[in-house]
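Top line first, the protein sequences correspond to chains A and B.
Converting from the first sequence to this note's numbering requires adding 7 to each position, the first position being numbered 1.
Converting from the second sequence to this note's numbering requires adding 25 to each position, the first position being numbered 1.
In silico lysine-lysine, DSBU-like type, Cα no more than 30 angstroms apart, as pairs:
id, chain 1, residue 1, chain 2, residue 2
1, B, K395, A, K217
2, A, K148, B, K51
3, A, K217, A, K180
Which chain B residues stay away from chain A? Per the calculated CB distances, all over 12 angstroms, these:
id, residue
4, P157
5, G160
6, H167
7, D271
8, T311
9, E315
10, A390
If you are wondering where the hints come from, they were derived from the structure by calculation, not from laboratory data.
Since this is a predicted model, take the numbers as computed values, not measurements.
We treat Cβ as the ideally placed atom computed from N, Cα and C, and that holds for glycine.
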Amino acid sequence: MSGKNGEAKHPFQFMACWELREMLGRRAADVQELLDGLEEVPLDSIYFHTHSYFLRHPYISGPYPNDFANWAAIQLRDRVLGERLAVIDPFEVGDLEALRNELVTILDDHLSHVGSVPRIAYGELFFFMQSRILAVPAGIKARTLTEFREGLERVDSSAVYFHVLAAITRKGKRRNDFVSWIEDGLGVKELAGRVAAINPYATSLEGVRKNLVELCESAERAAH
Amino acid sequence: MAVTLDDYRTVSPPGSVDILRRMAEKLRSRRVLRINANRSGTGVAEMLERHTPLLQELGIDARWEVMRGGEGFQAACQVLYNMLQGEEDRFSEEMLQQFVATNRENAQQLSFDADVVVIHDHQPVPLIDIRPQEGKWVWRCHLDIARPQRKAWAMLRQFLVKYDAAVFSLPKFAQRLPIPQFLIYPSIDPLSDKNRELSELEIGATLDRLGIPRDKPILLQASRFHRFKDPVGVIEAYRIAKKQNDCRLVLAGTPTSDEEGRRLFAELEEAAANDRDVHLLRLPETADIEINALQRAATIVIQKSTREGFGLMVAEAMWKGKPVIGGFAGGITAQLIYEVTGYTVNSVEGCAYRIRTLLNNPELAAKMGKDAREFARWHFLITRNLGDYLALLTTLLR
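Sequences are here, hints too, so could you generate the full structure?
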C-alpha cells in the first residue's frame with residue numbers, strides 16, 4: 008500500500024534483460040516436420056519463437072508476430088498457413104502448453120486440407136531454438152507514480168519485456184510486475200486494471216511502453 | 026586515441042552501454058582467455074583486437090593469445106578449412122599428426138590459467154586435450170560448416186565433444202553435438218574506418234579519386250570478386266534494370282589471386298567493356314575508407330551471393346542507411362527482413378525487379394534504409410556482440 012503523498016513503501020526496481028540464444032539441433036524442412044518438432048520440443052522453445060520474438064524485435068519486425076508464421080509465409084511460401092499462425096494471440100491463449108496445442112492444431116488442420124505436405128523449395132530450414140534470459144538491474148527505481156512513469160520512459164525496452172511478458176509466461180505469475188506494484192505498492196487499483204488489460208502481443212515493446220506511459224499520465228492528471 | 030565503451034553511447038541502442046557495465050559487474054576480475062591462429066589479417070583477429078580492450082575496460086581480466094605453427098601446420102589447417110566448408114579435399118594422416126603435434130607444442134608455451142577459455146575456429150581445437158581441471162572451455166566457430174566433409178568433421182568432432190559449449194554464427198551452422206550450442210551473430214564496429222561517419226567532403230573526394238561520378242543513382246556491390254558473390258549476375262540484373270532506369274553500377278573488391286579469380290575478373294572486364302556506367306574497382310583489403318565512402322554514396326547496395334558465410338557487408342550497408350538487395354544465402358537472410366530492411370532475391374530477374382522497385386520509389390528506399398540502420402543498431406553492432414559474450418560467460422560460470 009502507498010504511504011504519504013502516494014509513495015510506495017517498497018520502490019519498484021526496473022530490471023532489464025539480455026537473451027542468450029541456444030540451438031536445440033532440431034530442424035524442419037516441411038510442415039510435417041514443423042508439427043513433429045512442435046509436439047516434442049521443450050516449452051522454452053515455444054516461448055522463444057512466440058513470446059521472446061518481441062524482445063528480439065523491439066522496433067522493427069517481420070510481417071508476422073512470431074517465428075512460425077514468418078517461416079511459413081516467407082521460407083515455405085505458404086501465405087495461408089502464415090496468416091493462420093500469425094493470428095494466434097498468446098495473450099488470449101494462456102499458458103505455453105495451451106499455445107503449443109493451438110499451434111499443433113492449426114498445422115494438423117492445414118495438413119489435412121492440402122494435397123501434399125508443403126516443403127521449402129528455395130527457403131531456409133526452420134531451426135528450433137530456446138534462450139536463457141539474464142536479468143540485469145537497470146539502475147532505475149521508483150517510489151511514486153510520476154517516478155515510475157519517468158523511469159518507464161527512459162528504461163531499456165528489454166525491461167518492458169522482462170516485467171510484462173516474461174513475468175507472466177516465464178515466471179508463471181498471475182499478474183505482470185507493473186500491475187502488481189501499481190496495485191499493491193501504490194494502491195491505485197483502477198490504473199492497475201487498465202495496465203493489466205494491455206495486450207502486449209498486439210504491438211511492439213515500444214508500443215507497450217507508449218501505452219503504459221499514456222495510462223500513467225492520465226492517472227497522474229486525474230490525481231491532481 | 027583508444028576507443029572506450031562510452032564512445033559507443035551515441036551509436037548503440039539507448040542504455041545498452043549501461044547494461045553492459047551492469048552485466049559485467051558479476052564478472053569482475055574473472056579471467057577470460059581467447060585463442061586463435063592469427064594476430065591480424067582476418068575478421069576474427071580484427072574482432073578480437075577490438076573486443077579485448079573493451080572487455081578489460083569492463084573489469085574482466087581478458088587475454089588474447091595467438092597460436093603458432095609452421096608451413097606444414099598452415100597447409101593442414103587450410104585443407105581442414107576447405108573441407109569443413111564443404112569442399113572436396115584430402116586431410117591425410119600426416120596432416121593430422123602435424124595438426125595435433127603443433128597444438129601440443131603450443132600447449133607447452135601457453136598458460137591456460139583462466140575461468141573461461143574461448144577457442145576460435147578450427148586451428149587450436151586440439152588444445153582441449155591439455156585443458157587443466159579448472160575452467161570452462163568454449164569453441165567459437167566462425168566458419169560456415171553447414172555442410173562439412175564428413176571425414177574432416179569426424180576428426181574435429183572427437184575434440185569438440187570435450188568442450189563445455191560451442192558458439193556458432195547461424196543456426197544452420199550448428200551440428201549434432203552433445204554440448205550446448207549457442208548462437209551469437211558477428212558484428213560490425215560502427216567506430217572503425219569502414220563504418221564511421223564520413224563527411225560529404227570525404228565521400229566526394231574518395232569517389233573522385235576512384236573515378237566514380239555521382240550524376241546518377243549508384244548500385245554497389247562491395248565484395249570479394251568470387252563466383253559465390255555472383256558479380257556476373259549483378260551485371261545482368263543491372264542491364265535489365267537499366268532498360269527503364271538510368272543508373273551506374275560499381276563492383277568493388279579484392280580479386281582472388283588464383284586461376285579462377287583471374288578468369289572471373291577477365292569475364293567481368295569483358296562484360297563491362299562497352300558500358301561506361303559499369304565500374305570494376307580492384308581495391309586492396311585495407312581499403313576501408315574507400316568501401317565506406319562507396320557504401321555511403323550508393324543508392325542501393327547489392328550483395329547477390331549464392332553462397333555466403335554471415336555476410337557482414339550487408340550489416341555495414343544497413344548501418345549506412347542503405348536498402349540492401351541480397352542473395353538468399355548464409356547470414357544474409359538473418360540480416361534482411363523482407364520488404365522491411367531490404368529484399369532477398371533468388372534470381373537475376375528478382376534482383377533486377379527489386380532494383381527497379383527501389384529506384385522508382387525513392388520514399389520507399391529511404392524508409393527501408395532508415396529501418397535497416399535501426400535494425401543494424403540493435404542486432405549487428407559490437408555492443409550487442411559484447412553483451413552476448415557477457416551473457417555467455419555469466420551462463421558458463423553460474
